[in-house]
Structures are given as C-alpha cells and as structure tokens.
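Asks: In case you want the letters, here they are:
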Amino acid sequence: MRSRVLGVVTVAAVALFTLLPLTTTDPARAMGLPALLDRSQLRGLTTISMFVVLTSAWNIIGGLAGYPSFGNVAFFGLGAYATALLTDPDHGHLPLGVGLLASPLVPAVVALVVGFPLLRLRGHYFSIATLGTAIAFGEVINNMDFLGGATGLFPPIIRSDLLFYYLMFGAAALTVGVTWWIMRSRLGHGLVAIRENEEAAAVLGVDTTRYKIIAFVVAAALTGLAGGVFAGWNSFVNRDNVFPVDYSVQMILMAVIGGSGTISGPVVGAVGLEALIQLLAGGSGVYTQILLGVLLAVTVIFLPRGVIDFVIGRSRLTLAHFRRSLRQTSV
Amino acid sequence: MSAPLLALSAVTKRFGGVTALDHVSFDLAEGELVGLIGPNGAGKTTLLNCLSRLYRLDGGSIRFSGMDIAKLGRHEVARLGVGRTFQVVRPFRSMTARENVAIGALFGSDRARLPPREAFRVADEVIDLVGLGGRGHLLVDELTVPDRRHLEVARALATRPRLLLLDEVMAGLNPSEVAEALEVVKRIHASGIAILVIEHVMQVIVGICPRVVVLHFGKVLLEGDPSTVLKDPRVVEAYLGERYARRVRGSRGDG
Ligand SMILES: Nc1ncnc2c1ncn2[C@@H]1O[C@H](COP(=O)(O)OP(=O)(O)OP(=O)(O)O)[C@@H](O)[C@H]1O
Ligand SMILES: [Mg+2]
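These protein sequence lines are chains A and B, in that order. Residues 1 to 331 (our numbering) make up the first sequence, in order. Residues 1 to 255 (our numbering) make up the second sequence, in order.
Just chain A, same shape as in the assembly:
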C-alpha cells in the first residue's frame, strides 16, 4: 500500500519535472500553452537536480555504508575538470557528449586509488582525511598550468538551458535509480551491515573492503557526472566554482536533514533545502547560513533519522520520541 503510494508519487514527480520545462520552448509557445516557468526558474530546477545528484550520491557512501565523507566535492571538481579539459577549444576541443563520458570515469578511478587508504579510517578520522584530500586536490589543480591554473578552463558556450536541465535531471534520476537498485541488492544489505557493525559484517562473510570501495567509487562516479554537466552548463571551470568545500557540507546537511540511509530522504532534503536557499537568495547569505544551521540542529535533536521518517509516519514529534532518540544517538 505504502509502496504503491510512493510509486505513484515518484512517477507523478518524474512526469511533472520532465514535462513542465517543455512549456518554455518555442513550439509550446506557438501552440499557445502558457509558460509555467521562466528562464531563471528553469536554471533553479537545474541546480536543485544537481544537489539531488550530490546528496543522493553522498548517501551511498555516507548514509548506506556509514562513512561520512567530507570530501565528495573533489569528485564533482574532478568530473567538471575532466569534461572541461576535453571540450575546451584550447585543449581537447571534443564534443560535449565525449567530455561527459569522462566525467564519471576520472573521479571513479581517483576514488578507487585514494579509497584504499582512506576507507581504512573510521568515523571522524575518515571525515577529516576526506576533507583534507578534497582541499589538496583543489590546490593541486589550481596550480597546474595545463589545467589553466587559477584562470581555469572554458568549455564552449552552449546556449540551451533546457538541454542542461534535462542532463542534470537525468543524472539525478540515474542516481536515485542506482540507489534504489543498490538497496535491493546484496551490495546494499552488505553496506548497511558495515554501517551498523563492521566486524560483525566481516565475520558473516561481507567483504568489507571491497564493498566500501564499490560504494565510494559509485558515489564518486555519479558526483563526477554532475560536475561534468555543470562544466558544460557553466562553460567556465576553476577551483573556486567546482571545488567549494561548502558543497561537501551542503550535501551532508541535505542528506541528514532529509534522512540519510534511505532513497527518498536525500532527495527530499536536497529539493527542500535548495529550494529554500533559492527563495532566500534575495536576502543576505548570512541568514541562509543561520537558517541551515538551525534546521540541522532541530532535525538532529527531534528527528535524528531525518524528515522522511516523520513524513512516512515512522517517527512522531513528541517529547517521548525525543527522549528515546536522544538515548539512541548518544550511545
């Protein structure tokens, strides 16, 4: 019953977000359909889709496997640079399609290599090491002349907000689909077992090293794809716009507030928070930051398993529940 409702909601949402942007096209106008979105709203939806990719991909390593990476933005940056390098007229000068193919591959290979040492660490050691690694990658790239140094790279300008919307929305749908598949498979069960107790998982036969690496690589590839699409969309890539540490923090906030370790939680968190951020964008950035902080605190205290748990009806906003969740989170 509940799963059918969820299915209907999913299909409706996908249909809405596929069809709605079409009302901005010239044929739709010619047919006399009202434009339900303007340019800037379409760009807003593209950014929301981008955060759905980042947050849902983070959820695979952070939420399912329980390895809270603070450095996932590095994969976004690497994907963006891979696409930019291949498409920039001064460098690869290849079509965008080819450039996009490289965007998941480069971060995946990097994740495979750095994953072996990083995933031996646990808890905040892992978080700090991933944060440091991401910063280091940004610095190194910023100082590489063949990557344009601090000036960056310039993929050719393609003036089609609709194309990049669909690419980003497609990446988001892919990420959610991959998460759905993982959670049904042996891999997903193994990852959750690792999160709950790694040694217990190992003595039950879970190849913990391999599973953690797979989760990290898959998360990196999907995050990189979003970076690649962003590079083409923005037609300008440098350290400051594709390696911002803020993104790493933002995807964690979105996943935790929405409900990490679930399929819908990160989506709800990304859509809700990014929409909120855009609505508040007129005002001062400081208020946005404060609001995000307060939201995080409130969620962690009252809904430690995220908003989605509350929506589905598995948690209630009562004081008794609050006390119980405190006991659970403070073990």
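By construction, these hints were calculated from the structure, which means they are not laboratory data. Heads up, the beta-carbon is just placed ideally off N, CA and C, and yes, glycines get one too. Warning: the hint list may mix true and false statements.
[Stated by the list, open to error] Which residues of chain B face chain A? A partial, calculated answer using Cβ under 7 Å:
#, residue
1, Arg-79
2, Leu-106
3, Thr-159
Since chain A is already given, all that's left is putting chain B with the ligands on it; use the hints.
Replies: Only chain B with the ligands this time, still in chain A's reference frame:
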C-alpha cells in the same frame, strides 16, 4: 585418520606485555562438539577472535579445513565455514531480527550466499530453529536480552557454517532459559555442525560436551572428558583459587 577440521598449533597472541594466548594447541574434528572453559581473562574470547581472523597471531598457526587462516581475509574465513557469535552482542541495530539473520544467509559460507528473496526465507527458518519464532519483525532494541543472544546464534547459523563458535551465549540466562539454549545447541550439533562452546560456568558444558579444553592464563591447562577434567585439582584451583583447592584437598584428607 582424516585431517581434523580445525587444528591449532602453538597459537600465541600478545597485547603489549600481556600474553593472552601462550602456545595453545588442540584439534577439533568434523562434526565434533567441544567445550572451552576457563576463568575470567583466560583468553577464551581472544582465541575466538584469532579463529575468525579478527586478530593476527603473534606465533603459531590455525588451520581450518586444511587452509592456513593467516593467509585469508576476515570474510574468507567466514566463507570457508567458520561462524561465530560475540560475547558482547553486536547486532545491526537499524535492522529487524529477520534482516539481521538474512545478512548471514546473503553472505556467509560459500554454501549459503543466497539471493535476497531466498535469504529471507532461510532467515525465517533459522529464526524458528533458535526459538525466536514470531519475533522476526521486531527491531533489535525491542528484543529481550536472551533473545538478543538467540539472534547472535541465528545470524551465525544462517551462514551455514561447518564450525560454529559460541562465546558465552548462556551467560546471564535463568535456568529454564539455559535449558532451552542447550536444546538449541544440541539441535545444531545434531545437524552435523561442529561446535566450540565457550562457557564461563562449566556446569553448563558438562551435560552436552563429550570433550572440554580448559584454558588458564592463556595456556591449555588440560583437556579431556568433562567429569575427569572438572575433578582435576588444577582446574578447581584455577577456578576457585588456591585456598579453596587446599581446603578441598584438606577435607579429603589427602593434602
Ligand atoms: N583488545 C585487547 N587489548 C588488550 N588486552 C586484551 C584485549 N583483549 C583481551 N585482552 C586481555 O587478554 C586477556 C584475555 O582476555 P579474554 O577476553 O580473551 O578473556 P576471556 O577468557 O574471554 O574472559 P571472560 O570470561 O571474562 O570473557 C585478558 O587479560 C584481557 O585483559
Ligand atoms: Mg570472553
């Protein structure tokens, strides 16, 4: 005579200055039921951790089914057929009891490794076998303390092990619960699985184990059939202290 299922030879494990296991050697045959007893801190849990390759040895070797465990990964030992419980239970807390057990059937020994749907079916069978029937849908936090012990056993059993290592699964249970747990152990053994049962309370083991190994300060004090072993003055002394042993000897008039 065929090679033993499990062969420990001069197994040694140190923690800094403490030698937790000191040249421990004994064998265990296919399908055999052996009790491992010893006072607090004797090294029983440490031995189990070495057997499931959570620890690396400082000396000696462990062979299971002819394979040197030192050369395997933790999950490979499990896949060869070594299943275990943890003395301090380690459930997957976000999962139901049934999901916990299904992890064993999804992964586990090479004979297990079922696809998700079948793994859940096996989980239901195993849950009934250990006496958790009807409570599979409960979250771990909703289970009673004895049921959490049963869950540890069920999860290990779902891996279809050839050797099951039980670390004090009966500690803290009341007499009727102990009797139930013993029935479960007997049933598992009857299905052909070799078992190494650790118990701190030796009376538990006397009834069911044809052979016991006594560990004391990391060394094998002696091994044999339980009635002889438990009467041995060295065992009495290890458990109850020297003064008590002397008093027993004195009252018998042979000290
Ligand atoms: N991880 C560890 N680090 C340091 N010392 C340890 C560690 N694990 C065990 N020890 C020490 O090794 C010795 C054996 O401990 P072990 O837990 O194996 O005993 P045990 O026989 O299982 O006792 P109990 O009946 O209390 O469970 C003890 O002296 C203990 O303090
Ligand atoms: Mg112990």
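Asks: Next, verify each hint and record whether it holds.
Replies: Here is what the structure says about each hint:
1. Hint status for Arg-79(B) relative to chain A: holds, with the closest Cβ pair at about 5 Å, below 7 Å.
2. Interface restraint check for Leu-106(B): the shortest CB-CB distance to chain A comes to about 5 Å, inside 7 Å, so the restraint holds.
3. At about 6 Å, the closest approach between the beta carbon of Thr-159(B) and any beta carbon in chain A falls short of 7 Å, and the interface hint on this residue holds.
Consistency note: the structure conflicts with none of the earlier hints.
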